[in-house]
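Following the hints, put chain B with the ligand in place on chain A, whose structure we already have.
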Amino acid sequence: MPAQLIAGNSAVIIGAMYAGCDCFFGYPITPASEILHEASKYFPMVGRKFVQAESEEAAINMVYGAASTGHRVLTASSGPGMSLKQEGITYIAGAELPCVIVDINRAGPGLGNIGPEQSDYNQVVKGGGNGCYNNLVLAPNSVQEMCDLTMKAFDLAFKYRNPVVILADGVLGHMVEALKFPDEAYTPSIDTTWAVCGNHETRPNLVTSIELDFSKMEKHNFKLQDKYQKIRENEVQFETYMIGDAEIVLVSFGISSRIAKSVVDAARKEGLKVGLFRPITLFPFPSKELKALADTGCKFISIEMNNGMMREDIRLATGCANVDLVCRYGGRLIELEDIMKKIKEVA
Amino acid sequence: MAAKERIIGGHRGIHDQFPRKGGAAITATHYCPGCGHGILHKLIGEATADLDIQDRCVIMNPVGCSVFAYYYLDCGHVQVAHGRAPAVATGISRAEDDAIAISYQGDGDLASIGLNETIQAANRGEKLAVFFINNSVYGMTGGQMAPTTLIGEVTATTPRGRDPRDTGYPIHMCELLDTLKAPVYIERVSLSDIDHIRKARKAVRNALQIQKEKKGYTFVEFLSPCPTILRLDANGVEKFLNEQMEKEFPLKQFRDKSNEADPIVRRPSDFTKASLDRIFGIASDSAPGASPDLTFKAKNVKIAGFGGQGVLSMGLALAQAAFSTGRYVSWYPDYGPEQRGGTSNCTVVISGEPIGSPVTSEPNILVAFNRPSLEKFAPEIRGGGIILYDTMAGDYQAPDGVRIVPIPALKIAQGKGAQQAINTAMFGALSELGDLGISRESFEKALAQSFAKKPKLVPLNLEIFKLGSEAARKEVGAKLKVAVVAR
Ligand SMILES: Cc1ncc(C[n+]2csc(CCOP(=O)(O)OP(=O)(O)O)c2C)c(N)n1
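Going line by line, the protein sequences match chains A and B. Take 1 as the starting number for the first sequence in my numbering and just add one per residue. Take 1 as the starting number for the second sequence in my numbering and just add one per residue.
A portion of the hints provided could be inaccurate.
One-sided excerpt, in silico: chain B residues whose CB lies under 7 Å from chain A [said to hold, decoys possible]:
hint: 1; residue: A81
hint: 2; residue: G91
hint: 3; residue: I92
hint: 4; residue: E96
hint: 5; residue: A99
hint: 6; residue: S112
hint: 7; residue: I113
hint: 8; residue: N116
hint: 9; residue: D270
hint: 10; residue: I282
hint: 11; residue: F323
hint: 12; residue: S324
hint: 13; residue: S357
hint: 14; residue: R440
hint: 15; residue: E441
The calculated DSS-like cross-link candidates involving lysine-lysine, where the alpha carbons are at most 27 Å apart (straight line), are [said to hold, decoys possible]:
hint: 16; chain 1: A; residue 1: K180; chain 2: B; residue 2: K445
hint: 17; chain 1: B; residue 1: K199; chain 2: B; residue 2: K247
hint: 18; chain 1: A; residue 1: K41; chain 2: B; residue 2: K214
hint: 19; chain 1: B; residue 1: K376; chain 2: A; residue 2: K341
hint: 20; chain 1: A; residue 1: K180; chain 2: B; residue 2: K453
Ranges of calculated distance between the beta carbons of each label pair, as one might list FRET restraints [to be verified]:
hint: 21; chain 1: A; residue 1: K227; chain 2: B; residue 2: E353; range: 49 to 59 Å
hint: 22; chain 1: B; residue 1: I26; chain 2: A; residue 2: T192; range: 25 to 35 Å
hint: 23; chain 1: B; residue 1: P268; chain 2: A; residue 2: D155; range: 14 to 24 Å
hint: 24; chain 1: B; residue 1: T272; chain 2: A; residue 2: F50; range: 17 to 27 Å
hint: 25; chain 1: A; residue 1: Q229; chain 2: B; residue 2: D166; range: 47 to 57 Å
hint: 26; chain 1: B; residue 1: A156; chain 2: A; residue 2: D155; range: 42 to 52 Å
hint: 27; chain 1: B; residue 1: T167; chain 2: A; residue 2: K227; range: 25 to 35 Å
hint: 28; chain 1: B; residue 1: A283; chain 2: A; residue 2: R332; range: 32 to 42 Å
hint: 29; chain 1: A; residue 1: T192; chain 2: B; residue 2: D166; range: 44 to 54 Å
hint: 30; chain 1: A; residue 1: H200; chain 2: B; residue 2: A182; range: 46 to 56 Å
hint: 31; chain 1: B; residue 1: E463; chain 2: A; residue 2: M242; range: 32 to 42 Å
hint: 32; chain 1: A; residue 1: K41; chain 2: B; residue 2: F306; range: 26 to 36 Å
For the record, the hints were derived by calculation from the structure and aren't laboratory data. The C-beta atom is built at its ideal place from N, Cα and C for all residues, glycine as well.
With the rest of the complex left out, here is chain A (with noise of 0.2 Å):
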């Protein structure tokens, strides 16, 4: 397939179009607010439907109500309207409707700015809304993972009827890389044992997320429980890079394992056995990869940009309580000389 210069939110939008994505609901936002512009652009050339919402609020809850239909769904938008999306995102999830939501992660907390950061990462990781949930979350590094991602998404909610987050920052969004164009377009298909569509078939179906009987109610939260170990059982994906020799293991996601990346190269020049190692997924988190890497006594520096909320999963998966942290938190991009640094401080 031939390969255009694109920006990575351009891409969220190919990538759902070829997934079958049918409707985009959303609210303006930097730096997510490309999304917005392109579905507003693309998806009425093709009969697919926009509305530009009058809030996270309602956007999320539109994507709700078309997800209900059983139609692919896709809403977008940074921190301070993702704080916004919990409500919906935790009915969403209680009434197992699938869908996809980016987010184009900026710095906070409250308003914060516009730069880049990944502090999002406990609220679209750990669930976010009330109850005991899950979303998916995928964590692309690139043009091509934007697109790529985008589509897989779609067929993991499909998959799990679970909402799926794209958790990706303002560089992601912004920056022009080659994407090469999907090979396939996908033909949706609406699933009637569940959907409520308005029609004959679909009409003893019911959408919901109230139980009022506690043993009922307690049995469904189980039933979503399976369903998340299910999930960390299948559907982990990482990726590694120099790990086979690397007394030193860096763990990043997101546009911070390209820099972290460019740190292995500089450091193997150094003669530093150093190593790469990228969650794709970070829920399912790679929990049993990272255990089998610590077991042959590596070290992890974690590197991302927040206050460390990966880190602990790294060592909640690890038993390592000694993880280090490279991090920058405020706009700025974690810089190449400072992990380096912390690289020759923990050798």
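Below, chain B with the ligand alone, put in the same frame as chain A:
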């Protein structure tokens, strides 16, 4: 809620029994005796059956006493978050063009927490029937004040009666929505007694007929009895509705534009690959993609200047030129605190292998359009690097071992009467430096491509490009000696 409770006068559109409710009393509703919800359920059920639209109807079950409408009404159901019914209904109605979305909401839900969604859906003219139960209180949570609570009315949160100095006045939803252009039908009716219910029945049917014909947004408000919370008996609550509520909320058909309204029909989605390839211009605008070349040393180019000088588009054109040569490229627009301060910059990485960080702190080449950019980024250029800058920025002492090339880019562009083409002149100069491994043809093609939407400007820009490259050639020739000495 007696077990022997029955729906009086048949039950068209309503299930025979209510197994979803569970419990022993399988034909009794969960509503209190005398509650308006039960009456309205019956009116809606009958209308959906009589209009033969049960298959098409999807009802939003809101947070509130009517959260379990799905126990009773025989059609599709979605239970929704507090106040968000019109947004959810929007999603359903957009996704399924033939679906009839019904947003059934209480006054706390519709007029308080969901007021924004209510007004916006109305203003968009969604294909949506809103049935608004105004019982003047929050029923389910124990009778707190609602936006519709009457002045002086005692509720759980206005124990001394609603005082407008603290809580404002009852909100009139029909009147509010009647200021909007899009709604097709707006009416307020009452469920107080048989006469009123007969009129309410008609309003329900009007609204659903309009939905059946896909004509747009309808809003019907029902003044509705809540004897339990109001602590009134049947007569008392009837009197409260007829004498007090009606005075505050006059019954009226505010509008009926159903005769003029055209059906809203949305075309089906096209999922074919051919259509997608066409809208994304795949055939016309694509390159074979990058291939590895380990002999090529990666180049990081920083381009910086004032906003409006075309810094970002020059970077994109450079990326395009390198990409068409088979290189891996990345382009990243830097936004910092100065984003709105008028300066902008971008980084282009050109490589023979997949690129690590798209943002680099040590560029090989700096293109500076003005003095502040020069001063800010020149110190980052390492030995062996090149700085191209506009002559207007004045003299500048290059860092050790860095080749520095002033280009009269602005003057060239102005000379051609196109000041804004300063970036084209710089692009020409950059092409001349040659170190990027990109042919002149690739530069020119990328330049032309960047004017794809304004092809008329291509010849002029190619001319300016040429002048820029000539200027660079002259400068490089003259400065080479100096650079060698400096090293
Ligand atoms: C976000 C949120 N806030 C509060 C509640 C609690 N709650 C449940 S029902 C209800 C009141 C609904 O009142 P109204 O819309 O007037 O409907 P009624 O019960 O009178 O039919 C409230 C506040 C909730 N479920 N969700």
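Evaluation of the provided hints:
no.	hint	verdict
1	A81	holds (5 Å)
2	G91	holds (3 Å)
3	I92	holds (4 Å)
4	E96	holds (5 Å)
5	A99	holds (3 Å)
6	S112	violated (14 Å)
7	I113	violated (10 Å)
8	N116	holds (6 Å)
9	D270	holds (4 Å)
10	I282	holds (6 Å)
11	F323	holds (6 Å)
12	S324	violated (9 Å)
13	S357	holds (4 Å)
14	R440	violated (20 Å)
15	E441	violated (18 Å)
16	A/K180 with B/K445	holds (21 Å)
17	B/K199 with B/K247	holds (18 Å)
18	A/K41 with B/K214	holds (26 Å)
19	B/K376 with A/K341	holds (25 Å)
20	A/K180 with B/K453	holds (23 Å)
21	A/K227 with B/E353: 49 to 59 Å	violated (40 Å)
22	B/I26 with A/T192: 25 to 35 Å	holds (27 Å)
23	B/P268 with A/D155: 14 to 24 Å	holds (23 Å)
24	B/T272 with A/F50: 17 to 27 Å	holds (19 Å)
25	A/Q229 with B/D166: 47 to 57 Å	holds (52 Å)
26	B/A156 with A/D155: 42 to 52 Å	holds (49 Å)
27	B/T167 with A/K227: 25 to 35 Å	violated (45 Å)
28	B/A283 with A/R332: 32 to 42 Å	holds (41 Å)
29	A/T192 with B/D166: 44 to 54 Å	holds (52 Å)
30	A/H200 with B/A182: 46 to 56 Å	violated (30 Å)
31	B/E463 with A/M242: 32 to 42 Å	violated (50 Å)
32	A/K41 with B/F306: 26 to 36 Å	holds (28 Å)
Checked against the numbered hints given earlier, the structure breaks hints 6, 7, 12, 14, 15, 21, 27, 30 and 31 and satisfies all the rest.
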